[in-house]
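Listed below are the residues making up each chain.
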Amino acid sequence: MNERILHLGKLMTPLTLHPDRLFSPEPRQRDLARAIYATVKDLPIISPHGHTDPQWYADNEPFTNASALFITPDHYVFRMLYSQGIALEDLAIPRRDGGAVETDARRIWRIFAANYHLFRGTPTRIWLDHAFHQVFGIRERLSPESADRLFDSINASLAMPEFRPRALFERFNIEVIATTESPLDPLTHHAKIRASGWKGSVITAYRPDPVVDPEFEGFAANVARFGELAGEDTSHWDGYLAAHRKRRGFFKTMGATSTDHGHPTAQTSDLPAGDCERLLRKALDGAITSVEAEAFRGQMLTEMARMSLEDGLVMQIHPGSLRNHNPFVFARFGRDKGADIPTRTDYVRALKPLLDRYGNERKLTLILFTLDETSYARELAPLAGHYPALRLGPPWWFHDSPEGMLRFREQTTETAGFYNTVGFNDDTRAFLSIPARHDVARRIDCRYLAQLVAEHRIDEDEAFELAPELAYGLAKRAYKL
Amino acid sequence: MNERILHLGKLMTPLTLHPDRLFSPEPRQRDLARAIYATVKDLPIISPHGHTDPQWYADNEPFTNASALFITPDHYVFRMLYSQGIALEDLAIPRRDGGAVETDARRIWRIFAANYHLFRGTPTRIWLDHAFHQVFGIRERLSPESADRLFDSINASLAMPEFRPRALFERFNIEVIATTESPLDPLTHHAKIRASGWKGSVITAYRPDPVVDPEFEGFAANVARFGELAGEDTSHWDGYLAAHRKRRGFFKTMGATSTDHGHPTAQTSDLPAGDCERLLRKALDGAITSVEAEAFRGQMLTEMARMSLEDGLVMQIHPGSLRNHNPFVFARFGRDKGADIPTRTDYVRALKPLLDRYGNERKLTLILFTLDETSYARELAPLAGHYPALRLGPPWWFHDSPEGMLRFREQTTETAGFYNTVGFNDDTRAFLSIPARHDVARRIDCRYLAQLVAEHRIDEDEAFELAPELAYGLAKRAYKL
Amino acid sequence: MNERILHLGKLMTPLTLHPDRLFSPEPRQRDLARAIYATVKDLPIISPHGHTDPQWYADNEPFTNASALFITPDHYVFRMLYSQGIALEDLAIPRRDGGAVETDARRIWRIFAANYHLFRGTPTRIWLDHAFHQVFGIRERLSPESADRLFDSINASLAMPEFRPRALFERFNIEVIATTESPLDPLTHHAKIRASGWKGSVITAYRPDPVVDPEFEGFAANVARFGELAGEDTSHWDGYLAAHRKRRGFFKTMGATSTDHGHPTAQTSDLPAGDCERLLRKALDGAITSVEAEAFRGQMLTEMARMSLEDGLVMQIHPGSLRNHNPFVFARFGRDKGADIPTRTDYVRALKPLLDRYGNERKLTLILFTLDETSYARELAPLAGHYPALRLGPPWWFHDSPEGMLRFREQTTETAGFYNTVGFNDDTRAFLSIPARHDVARRIDCRYLAQLVAEHRIDEDEAFELAPELAYGLAKRAYKL
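Residue numbers (this note's numbering), protein chains in the order written: chain A, 1 to 481; chain B, 1 to 481; chain C, 1 to 481.
Chain A with its partners taken away, still in its complex shape:
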């Protein structure tokens, strides 16, 4: 029982991180997992895909306060609070119309603390407790009673130089981190980081959704601006492709080793150039149908694969999220407000046009993600266990959790093995959660390996060889880092 203890004259509930957390409670597997984990827990973090803000590392300004750090920017946090009836305005989520939102960070923090029980059993709880304990040295569980003490303690820490972004980056032992930018981004923060002489490795990744998705807000204007940046006539197919080649090249100068594609489905196309020209024309004219828009996005995946064969960028597809499901939330607060919902996603027929053309290329690396776990054993593992170009990305978004990670291994390993996977991605904009997320992934992988050994499905020496691959080596090699 986690009894309250008397501390400085007050009853408090301690916050502890048990050294065996997330391992199987069965003693033999726990002991094995512990031994395997000991060999990987201190490996540097490879973060090949994520959404942290490069400005943090460029400007190295302090984070402002606990609420602004942990609540307002984290859609996992505020979607749960919203689901239980708390207004987003009360959590300082900015309104598009400039309407009033809560400005008192302490009041926001108290709402969060009063509802911390909602996160029981969720990975968010694991990530937060890890950050409180490991980053801020907090030893008291968040609760309505402890809310102010934690708020003050975190804020006091944030004011110190060792809590600035670059110091945390180094303390987190991040070997390299990738951010994700649009082709329209001038990458000035990345340039500033490079010019600063700081040794932290922050690289970009090419995410062309705003200029390849005809249904993206402002597509035509985006493509025009894209043409200006690249010095190409993007109103024609050839110029449009040339602009991609140039911007990809520019992104490579800022360290990019990968591209990323967040499409509603995994649909790919392989159309004649004339059709592409016509689709681009209709898209720029705002006259494209949704079926044609799907074909155009699908065509661009095939084009990106072709360019990857030329310039070596690793390709990632993140399909299957129905964005902005809630029109009220979208109208009032905009994108990325916890209202994106997964949908059933087909890979077998969807990827065929691209794979027919490039699936047998050993020099192409195409990393597949899914929000539809039913595809693990049925589609993704069989595909990745055959096509030389394919690899499986780690469990993503709603599945980046202990149970989700176990399901991923249980449902992909028997058909695709370990070596067709690419290690872990934290895929986060919550900087403070990065060590926690990698720790969860390492623990769950060690747990899984321990189980395989305990069931005599692999030998113990093999588990010790696999663990650093899953924690470090596979990501580094797959992403060419």
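None of these hints come from the bench; they were simulated from the model. A few of these clues could be false.
Same chains, same label: a pair holds when it works inside one copy or across any pair of copies.
Said to hold, decoys possible - As a list, the in silico EDC-like pairs of lysine to aspartate or glutamate whose alpha-carbon atoms are at most 20 angstroms apart:
1) K252 x D285
2) K192 x D275
3) K252 x D311
4) K363 x E89
5) K352 x D336
6) K282 x E294
7) K282 x D209
8) K337 x E361
9) K337 x D209
10) K41 x E455
11) K363 x D90
12) K192 x E175
13) K337 x D356
14) K282 x E232
15) K252 x D185
This structure is a prediction, so every number in the text was calculated from the model and none was measured.
Using the hints, position chains B and C against chain A.
This is chains B and C only, laid out in the frame that chain A set:
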């Protein structure tokens, strides 16, 4: 080994209910589960959704015999026997054409006993053994040899006053039970219960399928009768809606706190009133297409949500069963004969019209059920973890089982947490199974909580706080009981 | 730790098969599983469905070498190697154009050994290690260092009489094995086996895909040849059906007790004879659309069910594989080269036409397989738990693995029970893997039964009664062997 023992001069196989049943066999988790379960096992039963017959409580007549109690009315039991080649006539399932069926209850019981091995590993076996042991004090496992002894023993009990419905209701410690009635039901049994002075709380729930589903047998006649009961002209859209409002109001006088909707899909619609009028017209004329019928049912879900905001009734959607899959069984025996089969069910697009309109309402409670477990992690948990109006119903029908309940928790908790769920529903017409079903749910939830503690994913005090919520509190609050 | 040991002056990594492999590591469940397994491990092998070559048993020639035995014919092995960039030519996969492929078996074996780590965590690894250890007496793990030693050792064994096919068949304790042949096959190998006086029971099964699938290569020629073999005019519907009846009869003389149907979907049809005639005509003329081809295949499933009621052959449907997904591999190497990929598969609506007609027949046995595990709990168990004609085949192809088998039991038993399943199929052309595959199935089933006992869901005596049914009895009875 469960060895046969010598009892009253006969070899018999004992029937035992192990105190640790359904807990993890791993000692630490078992001990934790045991301790947590001890705090919830005697909590009163909240049964917010089910199909017991209100006449039982109204008339309080004795149940007739073991076969009529356990076999003939239980589609879980007779579908399994039928799948292995036993004719439904031999189990006394009434034929629509009045054809002969077995009338000897003992002979039916012997068939059942001879095939009791078919239920190994099924929840039916757990429910039956629980009822035999706990309700009837039987200590011998059902088998061909013991068949007659159990039959006689159960029948002898049923003749006693303490085995009448009200006595069992009290002995089962049911705090409140909801039955489910059509708007066409006069609720006379409920009125009789209320008038009787008996303190047992039996309430109704509004299940309008016969008057909202144009494909329901006798739809036009149902709607006409509906109009008569409500004193409204249901041949027009306004009168039809007004009739719903009135009947909902009447159901509330018989304790209803909820509505329930058993649709083939989760499709919702949000149509202009003119279209609704036209669809109603075509439905009443028997001229509606299946696509239009789907639109009409979907519209009625949105209308029901609107009325729920007015009158406070909690709304339940039970979609995804393809009813009467077997035309031979339907023609000969009618509905609900074990031939309803689940189908893939989409929620993300299907619910959008309703959610676009009412998903952000904090005063609406819309409880979602599924027969398609793939929707747990992919659709239902992400939806319920965002929309204030949504909650997740417990595992349902084919998934109301130990493995099904574990999968539900494992696949929903990480995204939706515990507090977007609503405790357990027994959803049964098998009165004797109610304590068993709630006991299974409590044991599995305690097992799951014990696992989370043993893996250091929640603290022990939190498990003790959550357990009574899952067993009692969440259901009581979600259903406003 | 599996430490290297000094053996004959060399460091080597031992190869061991732990007696408790695949059991739960939790001591109580492990001990129970061990005890149950002891009662079934030596039962004869019933192999009611598979793809071994009858010529092996007919001619009883020695297998040539380790590579030709383990690598070149095994699509599980070469698809994994191919996925990691190894050319199929380097593994001696024959090219359709007669182009050069590797001919040095030792060089192929070395490639395999250098990549043996890719199979960690896969069932292929389990099968191979089992064959190395149990069949060839190898005590050293395959690795680049040990490659040549294993190659030489296996080859030396293969030259000995006790490693010829019939000797291995007897050593494997195979009571009966079914191969799978097209109606166009003259079954000369089966005739030779029967004429030889050898007591090994090798039977055929009727797999009519080449003459029922209008999209099969050479369909019209196949049907013409089919007519010649049967002495029927297969250009007309009646003659075409009559040819099936005759060839089924002929297959029965070679021991067939079953038919098998490998369709892209589970679609069935029930069309008037006139439509069937027209579809056959179009199919033979090469003028059939893909929708019509689907209808024709579906019709043939219903026809096969009708014939099964006449002649007693058990019917198997293996749907849901999208064959030859990779056009490059198909063009260069042909069918069955690891490029078949599972797809989502519906059963509930697809099977309805056939079930409407024959689902209630107790004398029909229709065994369903799936590559889409989401259908286990949602569709297949509910269907098999109701229809007298239906049974569930074991986990198939990509799911014939420890995790796959556990998921099958966990997701089907609660609704369909054990007695609506049919034991294990190895379904393999890899002869040496047969004992390993059956051993895996027996171990996993014993593990599952031990878990049910340890959780007090069944009694111990029931587990001991069920185990031999799952390992032997159910298959023997379901397939009428």
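Going down the list of hints, with the structure as the test:
1. When the C-alpha separation of K252 and D285 is checked against a cutoff of 20 angstroms, the pair qualifies neither within a copy, at 31 angstroms, nor between copies, at 56 angstroms.
2. Proximity of K192 and D275 under a CA criterion of 20 angstroms is satisfied in neither setting, with 41 angstroms inside one chain copy and 60 angstroms between copies.
3. Taking the shortest Cα distances, K252 and D311 sit within 20 angstroms of each other inside one copy (9 angstroms), while across copies they are farther apart (61 angstroms).
4. Taking the shortest Cα distances, K363 and E89 sit within 20 angstroms of each other only across copies (18 angstroms), while inside one copy they are farther apart (49 angstroms).
5. Taking the shortest alpha-carbon separations for K352 and D336, only the inter-copy value of 18 angstroms comes in at or below 20 angstroms, while the best intra-copy value is 30 angstroms.
6. Taking the shortest alpha-carbon separations for K282 and E294, only the intra-copy value of 13 angstroms comes in at or below 20 angstroms, while the best inter-copy value is 34 angstroms.
7. Within a single copy, K282 and D209 get their C-alpha atoms as close as 17 angstroms, which meets the 20 angstroms cut-off; across copies the closest is 45 angstroms, which misses it.
8. When the C-alpha separation of K337 and E361 is checked against a cutoff of 20 angstroms, the pair qualifies only between copies, where the shortest distance is 17 angstroms, while the shortest distance within a copy is 38 angstroms.
9. Within a single copy, K337 and D209 get their C-alpha atoms as close as 18 angstroms, which meets the 20 angstroms cut-off; across copies the closest is 36 angstroms, which misses it.
10. Within a single copy, K41 and E455 get their C-alpha atoms only as close as 24 angstroms, which misses the 20 angstroms cut-off; across copies the closest is 18 angstroms, which meets it.
11. With identical chains, the CA atoms of K363 and D90 are at most 20 angstroms apart between copies only, with a shortest distance of 18 angstroms across copies and 50 angstroms within one.
12. In this homomeric assembly, K192 and E175 come within 20 angstroms of each other (Cα to Cα) only inside a single copy, at 19 angstroms, whereas the closest approach across copies is 67 angstroms.
13. Only between protomers do K337 and D356 lie at most 20 angstroms apart by alpha-carbon distance; the minimum there is 15 angstroms, versus 37 angstroms within a single protomer.
14. For a Cα distance limit of 20 angstroms, the shortest separation of K282 from E232 inside one copy, 19 angstroms, qualifies, whereas the shortest one across copies, 53 angstroms, does not.
15. Taking the shortest alpha-carbon separations for K252 and D185, only the intra-copy value of 13 angstroms comes in at or below 20 angstroms, while the best inter-copy value is 59 angstroms.
Hints 1, 2 from the earlier list are contradicted by this structure; the remaining hints agree with it.
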